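From just these sequences and the hints, can you work out the full model?
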Amino acid sequence: MKLYYTPGACSLAPHIALHEIGAKFETEKVDLAKHTTASGADYVKTVTSKGYVPALQLDDGSVLTEVGAILNYLADQKPAAGLAPAAGTMPRYRLLEWLNYISSEVHKSFSPMFAPGATDDMKSLALANVGRRFDWLSGQLKDRKFLLGDQFSVADIYLFTVLGWTKFVNIDLGKWPVLAKYSASIGSRPAVQGALRAEGLMK
Numbered sequence: 073m074k075l076y077y078t079p080g081a082c083s084l085a086p087h088i089a090l091h092e093i094g095a096k097f098e099t100e101k102v103d104l105a106k107h108t109t110a111s112g113a114d115y116v117k118t119v120t121s122k123g124y125v126p127a128l129q130l131d132d133g134s135v136l137t138e139v140g141a142i143l144n145y146l147a148d149q150k151p152a153a154g155l156a157p158a159a160g161t162m163p164r165y166r167l168l169e170w171l172n173y174i175s176s177e178v179h180k181s182f183s184p185m186f187a188p189g190a191t192d193d194m195k196s197l198a199l200a201n202v203g204r205r206f207d208w209l210s211g212q213l214k215d216r217k218f219l220l221g222d223q224f225s226v227a228d229i230y231l232f233t234v235l236g237w238t239k240f241v242n243i244d245l246g247k248w249p250v251l252a253k254y255s256a257s258i259g260s261r262p263a264v265q266g267a268l269r270a271e272g273l274m275k
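Residue numbers (the numbering used here): 73 to 275.
Careful, some of the hints might be misleading.
Okay, the calculated beta carbon distance ranges per label pair [stated by the list, open to error]:
id	residue 1	residue 2	range
1	Val241	Met274	13 to 23 angstroms
2	Asp207	Ser260	18 to 28 angstroms
3	Pro163	Pro262	18 to 28 angstroms
4	Gly211	Asp114	38 to 48 angstroms
5	Met162	Thr191	39 to 49 angstroms
6	Asp215	Asp132	35 to 45 angstroms
7	Met162	Ser111	36 to 46 angstroms
8	Thr118	Pro79	13 to 23 angstroms
9	Lys247	Gly123	32 to 42 angstroms
10	Ala187	Ser121	14 to 24 angstroms
11	Gly112	Lys214	41 to 51 angstroms
No lab work stands behind these hints, which were simulated from the structure alone. Please read these numbers as outputs of a predicted model, since none were measured by experiment. Don't be surprised by glycine CBs; every beta carbon is placed ideally from N, CA and C.
Take a look at the structure:
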């Protein structure tokens, strides 16, 4: 497998998952502004016409995109790693519920803060939206270790990745001590640190 990624972007989530399952994989960095890969290829023409990361090229040459889909795929490659409950069970649907919430409500709330040309008003509105999502998440995580309770999952990997963006947009995660503690706990995992080092985000 080969993961196409941009350091610190949402592609960090599948990067962490690949480390968690102990997969054999390659990575290739993508310059999203130029739509080129580290090898000089046109990312849009040769990998995915969507033009964004992540993209996971499978061993048969096909390409899978979208964070939630890739995370589910990777979790199913090594069920023994315990990154997702068994398919067809209610806990698995709870996992999907979390992945969809993180994608549509948390991840997307950050988008205006990274968008070129976004006005101060747009960024202020986005900041308020992020704050409301963080308030709700704090309540959910107040009495549990992980999003699924005692089971670490790909949803935690995704949320950790998104929480990490607070450092790039001057949001003090310390305002939400539950989330700060949660993020630090996830960040201490060897697989997480391995992916962060590989992307140049940690020494």
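Status of the hints after comparison with the structure:
{"no.": "1", "hint": "Val241 x Met274: 13 to 23 angstroms", "in the structure": "19 angstroms, holds"}
{"no.": "2", "hint": "Asp207 x Ser260: 18 to 28 angstroms", "in the structure": "25 angstroms, holds"}
{"no.": "3", "hint": "Pro163 x Pro262: 18 to 28 angstroms", "in the structure": "25 angstroms, holds"}
{"no.": "4", "hint": "Gly211 x Asp114: 38 to 48 angstroms", "in the structure": "45 angstroms, holds"}
{"no.": "5", "hint": "Met162 x Thr191: 39 to 49 angstroms", "in the structure": "43 angstroms, holds"}
{"no.": "6", "hint": "Asp215 x Asp132: 35 to 45 angstroms", "in the structure": "44 angstroms, holds"}
{"no.": "7", "hint": "Met162 x Ser111: 36 to 46 angstroms", "in the structure": "44 angstroms, holds"}
{"no.": "8", "hint": "Thr118 x Pro79: 13 to 23 angstroms", "in the structure": "20 angstroms, holds"}
{"no.": "9", "hint": "Lys247 x Gly123: 32 to 42 angstroms", "in the structure": "34 angstroms, holds"}
{"no.": "10", "hint": "Ala187 x Ser121: 14 to 24 angstroms", "in the structure": "21 angstroms, holds"}
{"no.": "11", "hint": "Gly112 x Lys214: 41 to 51 angstroms", "in the structure": "48 angstroms, holds"}
Hint check: no violations occur; every hint is consistent with the structure.
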